[in-house]
Amino acid sequence: MIRFEGVTKQFPDGTEALKKVSLTFPSHQLTAIIGPSGCGKTTLMKMVNKLEKPTQGEIYIDEKPITDLEEVELRRKIGYVIQRIGLFPHMTIKENASLVPKLLGWPKEKIASRIQELMELTGLDPDTYLERYPLELSGGQQQRVGVVRALAGDPNIILMDEPFSALDPISREQLQDELRNLQQTIQKTIVFVTHDMDEALKIADTIIVMRKGQVEQVGSPAEILGNPANDFVRNFIGVERIQRQRPFGDKNLSEFVSLFKEDGPDDIQEVSGTISVKEAFEVLEKSGQSHLAIRVGHNRRVYASERELLKAALLKEEGELV
Amino acid sequence: MNFFDTLVSRQDMIQTAFLEHIYLSFIAVAIGIAIALPTGILIARYRRFAEPIIAVTAIFQTIPSLALFGFLVPLLGIGSPTALIALIIYALLPILRNTYTGITGVDGSVIEAGRGMGMTRTQILRQIELPLALPFIMAGIRTATVLTVGIATLATFVGAGGLGDIIYRGLQSYNNSLVLAGALPVALLAIGFDLILKWIEKRTTPKGLKL
Chain A
1450 MIRFEGVTKQ
1460 FPDGTEALKK
1470 VSLTFPSHQL
1480 TAIIGPSGCG
1490 KTTLMKMVNK
1500 LEKPTQGEIY
1510 IDEKPITDLE
1520 EVELRRKIGY
1530 VIQRIGLFPH
1540 MTIKENASLV
1550 PKLLGWPKEK
1560 IASRIQELME
1570 LTGLDPDTYL
1580 ERYPLELSGG
1590 QQQRVGVVRA
1600 LAGDPNIILM
1610 DEPFSALDPI
1620 SREQLQDELR
1630 NLQQTIQKTI
1640 VFVTHDMDEA
1650 LKIADTIIVM
1660 RKGQVEQVGS
1670 PAEILGNPAN
1680 DFVRNFIGVE
1690 RIQRQRPFGD
1700 KNLSEFVSLF
1710 KEDGPDDIQE
1720 VSGTISVKEA
1730 FEVLEKSGQS
1740 HLAIRVGHNR
1750 RVYASERELL
1760 KAALLKEEGE
1770 LV
Chain B
2 MNFFDTLVSR
12 QDMIQTAFLE
22 HIYLSFIAVA
32 IGIAIALPTG
42 ILIARYRRFA
52 EPIIAVTAIF
62 QTIPSLALFG
72 FLVPLLGIGS
82 PTALIALIIY
92 ALLPILRNTY
102 TGITGVDGSV
112 IEAGRGMGMT
122 RTQILRQIEL
132 PLALPFIMAG
142 IRTATVLTVG
152 IATLATFVGA
162 GGLGDIIYRG
172 LQSYNNSLVL
182 AGALPVALLA
192 IGFDLILKWI
202 EKRTTPKGLK
212 L
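Chains as they are written, first to last, in this note's numbering: chain A, 1450 to 1771; chain B, 2 to 212.
No false leads were mixed into what you were given.
Here are the simulated lysine-lysine pairs, DSSO-like style, with alpha carbons at most 27 Å apart: (1) A:Lys-1551 to B:Lys-208; (2) A:Lys-1526 to A:Lys-1551; (3) B:Lys-208 to A:Lys-1557; (4) A:Lys-1735 to A:Lys-1760; (5) B:Lys-211 to A:Lys-1543; (6) A:Lys-1513 to A:Lys-1551; (7) A:Lys-1513 to A:Lys-1637; (8) A:Lys-1543 to B:Lys-208; (9) A:Lys-1526 to A:Lys-1543; (10) B:Lys-211 to A:Lys-1551; (11) A:Lys-1760 to A:Lys-1637; (12) A:Lys-1661 to A:Lys-1502; (13) A:Lys-1543 to A:Lys-1559; (14) A:Lys-1468 to A:Lys-1661; (15) A:Lys-1710 to A:Lys-1637; (16) A:Lys-1637 to A:Lys-1543; (17) A:Lys-1513 to A:Lys-1469; (18) B:Lys-203 to A:Lys-1543.
No wet-lab data here; the hints were simulated from the structure.
Produce the entire structure from the sequences given, and follow the hints as far as they go.
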């Protein structure tokens, strides 16, 4: 767990990037920090690995204040993925990826097997790519290597600074999905900075909305969408996105069958496919379970968690995913 | 007298001058590198000193070479040390400026990635900045070398020998063959050094950057 307590950052020219921010980033979750440019989100993230230092306040990692920790040591234990990828162009993919484990002094065989495993996990064939140079790879592939490099030293925490914003829309979507899936396996504490609301809604467990160095709202994607804390958050999500939610009250679950899973636990509450998405949310919440079984047709059942319901809610009228 | 006859009859003299010339140029460039490379690395790290230091070397560069040799004689007397110092002064700017530009030109996101991953400043310098700046640094050394080989012909005026001796002697005796016998090796030397260094430059360019 990462905890910020009363953190203020004032730059030498007097501008305050952060104003008494107190926050927690829960362990094993992906938390997205979102806000317009200049809101302090990147500064906030960079404080976790001491690339920026607070002028006031303290940051705790697992309740240990990080001011006491040596910065080079700390950074080696935290994965870091940056926006413009930042792979070292003169090193092969293998050399890039094994940098942190090397700095940590791992034995060679352990590094090699770790890199092999991570390459496969991120969908890059090790035999094809390990000996290549970054410039021989596409942007999407390079950023996959960026993720491999960040994970190589097996850190508990990973910082990602708008990692997909420089990519084309197709690669971006793909990497977002992959990150989501990867996170299911690796369960790291991820701090993800973005300015793209769709991205945050899609991948985050928790979203932190920031403005002018202050936190405006913290909540799950559903909470942020359903209950924007104030006008700023409402505007930032976009009237359009909130409007898109409106048909969601009227639409039936059965229209979204393709989004739901075919398998699920047995002993959970079952609802009819004819109820609306909104009602389904309420039933799920009341049941206190992770999934909902939905009866469609005579003897078919599909299963949906909050995430799938949210996807259904975000579906545009034309049936396109948001 | 025929050019080739001159070459044959003055063979010993030309050979000595040629070796002196190589010696002067080589030592000057070597010392130039030893001074300018670390200075370039330092001013890339402490950038507020960069402008004034580069300006000083640029001013040296604007002094006409003959005048610089002239200035140094009253201070240091005649002989190879004087010639060497003048040549070193000329070699500084290209190496210094290219080292500085090469290091400061390294993509900031790459440096940030290195820092974020927990590399120390020395590790960043040695594993990232220097390898990526190497093609620039080598280009600076190449320029300095060619420049030095040319200017070293003036070493003759401070009694430091070199191929300038032959050219000067030829000029004084209106012997064009002798002038050529001095000038041609200078040109060949400059081209030869340039080719060798170009080859080294190519070899030192990181493979990943040649794509």
